[in-house]
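Colleague: Take a look at the letters that make up each chain.
There are 2 protein chains.
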Amino acid sequence: MSSDTARMLRIDLDRSSPVPLYHQMAKAIEKSIETGELAPGARLENEIALAGRLRVSRPTARRALQELVELGMLVRKRGVGTQVAPVRVRRKVDLTSLFDDLAGSGRTPTTKVLEYSVGPGTPEITDLLEIPADAEVVTVRRLRFADGEPLALMTNQLSLEIAPTYDELTELGLYAALRTRAIEVHMAQQHIGARIATAAEARILEEKPKAALLTMERTAYDAAGRAIEHGVHVYRASRYSFSTTLFAQ
Amino acid sequence: MSSDTARMLRIDLDRSSPVPLYHQMAKAIEKSIETGELAPGARLENEIALAGRLRVSRPTARRALQELVELGMLVRKRGVGTQVAPVRVRRKVDLTSLFDDLAGSGRTPTTKVLEYSVGPGTPEITDLLEIPADAEVVTVRRLRFADGEPLALMTNQLSLEIAPTYDELTELGLYAALRTRAIEVHMAQQHIGARIATAAEARILEEKPKAALLTMERTAYDAAGRAIEHGVHVYRASRYSFSTTLFAQ
DNA sequence: GATGTCAGAATGTTAGGACAAAGATTTGAC
DNA sequence: GTCAAATCTTTGTCCTAACATTCTGACATC
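Going down the list, the sequences are from chains Z and E.
FYI, the numbering used here numbers position 209 of the first sequence as 209, with every residue one higher than the one before it.
Residues are numbered in the numbering used here as their position in the second sequence, beginning at 1, plus a constant of 1000.
Among the clues, some could well be false.
[To be verified] Pulled a few chain E residues facing chain Z out of the computed Cβ check, cut under 7 Å:
| # | residue |
| --- | --- |
| 1 | 1022 |
| 2 | 1023 |
| 3 | 1081 |
| 4 | 1082 |
| 5 | 1086 |
| 6 | 1190 |
| 7 | 1192 |
| 8 | 1193 |
| 9 | 1195 |
| 10 | 1225 |
| 11 | 1241 |
| 12 | 1244 |
Keep in mind that the hints were calculated from the coordinates and are not lab data.
Don't be surprised by glycine CBs; every beta carbon is placed ideally from N, CA and C.
Using the sequences plus the hints, can you model the full thing?
Modeller: If you want it as structure tokens, here you go:
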């Protein structure tokens, strides 16, 4: 009954590292789970034994386990112990992964910049970006391809002050270009909807006239709550859909 | 300089309550933030002073503050202190709120059950629900209205063993009915897309022929990772869109 | 006047201990 | 044999204490 007995993990801690001990522990256990050394349902040692064996205090061991509970990888019950959570329950939180999930799914993303213009913003956009009404706004329109096939038409607007240059934009993605300027997106609000393609959109996206499009409107903010960017994206519904994993509470 | 001085919050702790002290503290501070007593950017006392004043240990105070940091309501910096986060950065994580956000937005949701049938499931659905291939499956088709106007057509399939009765379903929502049977949805995987309405869908939803529909396919799981329910929903894109708030990392 | 150094202030990490609460198991009474 | 009480195991809460790290600002130096 190997699934019934607690598993003794081999964990090496580097006490001279600046990485906290609890995080080293958490990463080591996480790795054991991902490699399958710890199967779903497997019981871990109790925290006192674990702490004793690794020569750390119980709070340190607890914090490591807690970190994994919050990631959904472990489940703990009083009087029972700590078990590895079932696979499906442990996906990480839906991050602001933009388009580059394409690369992750083995497709090759490319981009064509259709427009890069600077000018005064409409009242709507200066309001959304929380900049003065007379401030200059950069408008970027890009066509995104996957394996050479058009997939999405994206219009983004940013304050001129933080906007990447045309060259930066073509070489990196928008968010990657912003990151080189130390602008990090921390949070975004999105609205996802659908509508029929206009004639121009259908032509650009190589879709049939009046095809269904998936639309996404996003405003991104940095950690201080300042608006960074507003985007209106339309995707070919025949080729693309959003996948998310949601958690209760 | 009231925004420069640390704010002394009045916090009452009930030490005879079964609610942990750190959680009582966190809730009290959260309330102060929500009522505006603590404005965004306001500095809190340092954790040692806070702990001393409330007669709790520093770890307890830290844990309370940490809870609020994870909710995005506080920002802490070493050598600086603890500040209230800007408003927009602190929305809670997108929960599995299903349709009942309608009620929250002031519209009146009603439901008409179009179909409630029991029978053997297709291989696809028994596979998704992880039940034996010859198991019986309940199929429910419902039409959802907001303020009397059709909004969505939802088809849900569940194992017969856990399926609510017809009566339960009409009185409560699907998830509420499941909850009365102690079945809690913990996680769901969703795919959101778009397509053109079929003639039948357009008629039922009172849309124009070939209107754009927003589609959502969802499989819901309980905390143990068991599949509970699979649903295929189509929404009138002219009347409905999904709103989400995403966080990096 | 610009720059480097240092002290103070605040949070971050880690230790070790005591007791409480909840679930599982064993024991005991009937 | 069955049910309830007692016990054990395990995690949850809370405490005190010490040291490390980082940011800020003041001071001194060049």
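Colleague: Decide, hint by hint, whether the structure agrees.
Modeller: A quick look at each hint next to the structure:
1. 1022: violated, 13 Å
2. 1023: violated, 14 Å
3. 1081: Constraint on residue 1081(E) not satisfied, violated at 16 Å.
4. 1082: violated, 15 Å
5. 1086: holds, 3 Å
6. 1190: holds, 5 Å
7. 1192: holds, 4 Å
8. 1193: With a minimum Cβ separation of about 4 Å from chain Z (threshold 7 Å), the hint on residue 1193(E) holds.
9. 1195: holds, 5 Å
10. 1225: Result: holds, 3 Å to nearest chain Z Cβ.
11. 1241: holds, 4 Å
12. 1244: holds, 5 Å
Going down the numbered hints, you'll see the structure goes against 1, 2, 3 and 4, while the others check out.
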